[in-house]
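A.B. asks: Please model the complete structure; the sequences and the hints are all you need to start from.
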Amino acid sequence: DAGVIQSPRHEVTEMGQEVTLRCKPISGHDYLFWYRQTMMRGLELLIYFNNNVPIDDSGMPEDRFSAKMPNASFSTLKIQPSEPRDSAVYFCASSPSWGGAFFGQGTRLTVV
Amino acid sequence: QQQVKQSPQSLIVQKGGISIINCAYENTAFDYFPWYQQFPGKGPALLIAIRPDVSEKKEGRFTISFNKSAKQFSLHIMDSQPGDSATYFCAASATGDKLIFGTGTRLQVFP
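Taken in sequence, the protein lines are chains A and B. Following this note's numbering, the numbering of the first sequence begins with 247 at its first residue and continues without gaps. Following this note's numbering, the numbering of the second sequence begins with 6 at its first residue and continues without gaps.
It is worth saying that the hints were derived from the structure and are not from the lab. Bear in mind that the values here come from a model prediction, so they are computed numbers and not experimental data. The reader is advised that the hints may include incorrect statements.
Here are the simulated DSBU-like pairs of lysine-lysine, each with C-alpha atoms no more than 30 Å apart in a straight line [claimed, not checked]: (1) A:K270 <-> A:K324; (2) B:K47 <-> A:K324; (3) A:K314 <-> B:K47; (4) B:K62 <-> A:K324; (5) B:K62 <-> A:K314; (6) B:K103 <-> B:K76; (7) B:K10 <-> B:K47; (8) B:K63 <-> B:K76; (9) B:K103 <-> B:K63; (10) B:K73 <-> A:K270; (11) B:K73 <-> B:K63; (12) B:K76 <-> B:K62; (13) B:K103 <-> B:K10; (14) A:K270 <-> B:K103; (15) B:K10 <-> B:K62; (16) A:K270 <-> A:K314; (17) A:K324 <-> A:K314; (18) B:K73 <-> B:K62.
To be clear about the criterion: a stretch of chain B counts as covered by chain A if any three or more of its residues have a C-beta under 8 Å from a C-beta of chain A, and this derived list gives those stretches [said to hold, decoys possible]: (19) 47–57; (20) 93–105.
Beta carbons: idealized from backbone N, C-alpha and C, even for Gly.
C.D. replies: Now the structure itself:
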């Protein structure tokens, strides 16, 4: 298995633009997580899905952030409009059951 | 209640030495305690994990020690190598709930 695949690896965008991050989880995994990592705040869970259904989105910072999982093999995290404070590394992870989360390589987002 | 407190923030060890990273938690519902290793530019990778029915788990040079009564668990890296230099995160979760991560420990192993 190729592991969790995220795209793009790097994204540089201007403030106010829409940003879409993509994730392909490991086949057969029931859970999908979106995390954000910064030096100041460490690893933050933004939202997670179980069988494509959002379970907990309490970590989503504000309405500018949205996430979807239209099927078991694809998820998106969208930021609209983007702001400089959204600059971070965004990770997608998947798990076959609670505990064994496997992370992708991450998307480094820079909003200028 | 939901926090996992990790220490130290950074650690410098000589090659061949033992690296020890500690974590403490409050939520007694936590029943899964993994450790993750992260290299620069990479995502965290699951290193080793333990459940509270055992007090120790060893995989190669990596050992988790778990103290249920003290609500503490630790990662020991024996015979530390320069290739072990990375950031290590402890985490905890309860069944059916999300993983809570510690703040990370940056380990540097010098030859």
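A.B. asks: Confirm or reject each hint.
C.D. replies: Against the structure, the hints come out as follows:
Taking the CA atoms of A:K270 and A:K324, the gap is about 15 Å. The hint holds against a cut of 30 Å. Among the hinted pairs, B:K47 with A:K324 is consistent with the structure: their alpha-carbon atoms are about 22 Å apart, no more than 30 Å. Among the hinted pairs, A:K314 with B:K47 is consistent with the structure: their alpha-carbon atoms are about 24 Å apart, no more than 30 Å. Distance hint between B:K62 and A:K324 is unfulfilled; the C-alpha atoms sit about 40 Å from each other, more than 30 Å.
Our distance criterion of 30 Å between C-alpha atoms is broken by B:K62 and A:K314, whose separation comes to about 37 Å. For a cut-off of 30 Å, the pair hint linking B:K103 to B:K76 stands: about 18 Å separates their Cα positions. For the proposed pair B:K10 and B:K47, the alpha carbon gap of about 23 Å is at most 30 Å, so the pair holds. Annotation: proposed proximity of B:K63 to B:K76 holds, straight-line Cα distance about 19 Å (limit 30 Å).
A hinted pair counts as satisfied when its Cα atoms are at most 30 Å apart, and B:K103 with B:K63 qualifies at roughly 25 Å. Of the supplied pair hints, the one linking B:K73 and A:K270 is violated, its CA atoms being roughly 37 Å apart against a limit of 30 Å. Annotation: proposed proximity of B:K73 to B:K63 holds, straight-line Cα distance about 17 Å (limit 30 Å). With a C-alpha separation of about 16 Å, the suggested pairing of B:K76 with B:K62 holds against the 30 Å cut-off.
Between B:K103 and B:K10 the alpha-carbon distance is near 16 Å, which keeps this suggested pair within the 30 Å criterion. Of the pairs offered as hints, the one joining A:K270 and B:K103 holds, with about 20 Å between alpha carbons and a cut-off of 30 Å not exceeded. With a CA separation close to 21 Å, the supplied pair B:K10 and B:K62 stays within the 30 Å bound. For the proposed pair A:K270 and A:K314, the alpha carbon gap of about 12 Å is at most 30 Å, so the pair holds.
Taking the CA atoms of A:K324 and A:K314, the gap is about 8 Å. The hint holds against a cut of 30 Å. A distance of roughly 14 Å separates the Cα atoms of B:K73 and B:K62; the hinted pair therefore holds under the 30 Å criterion. Residue count for the segment 47–57 of chain B with a Cβ under 8 Å from a Cβ of chain A: 6. That meets the three needed, and the coverage hint holds. Here the segment 93–105 of chain B counts 7 residues with a CB under 8 Å from a CB of chain A, which clears the bar of 3, and the coverage holds.
Consistency with the previously given hints fails for numbers 4, 5 and 10, ordered from lowest to highest.
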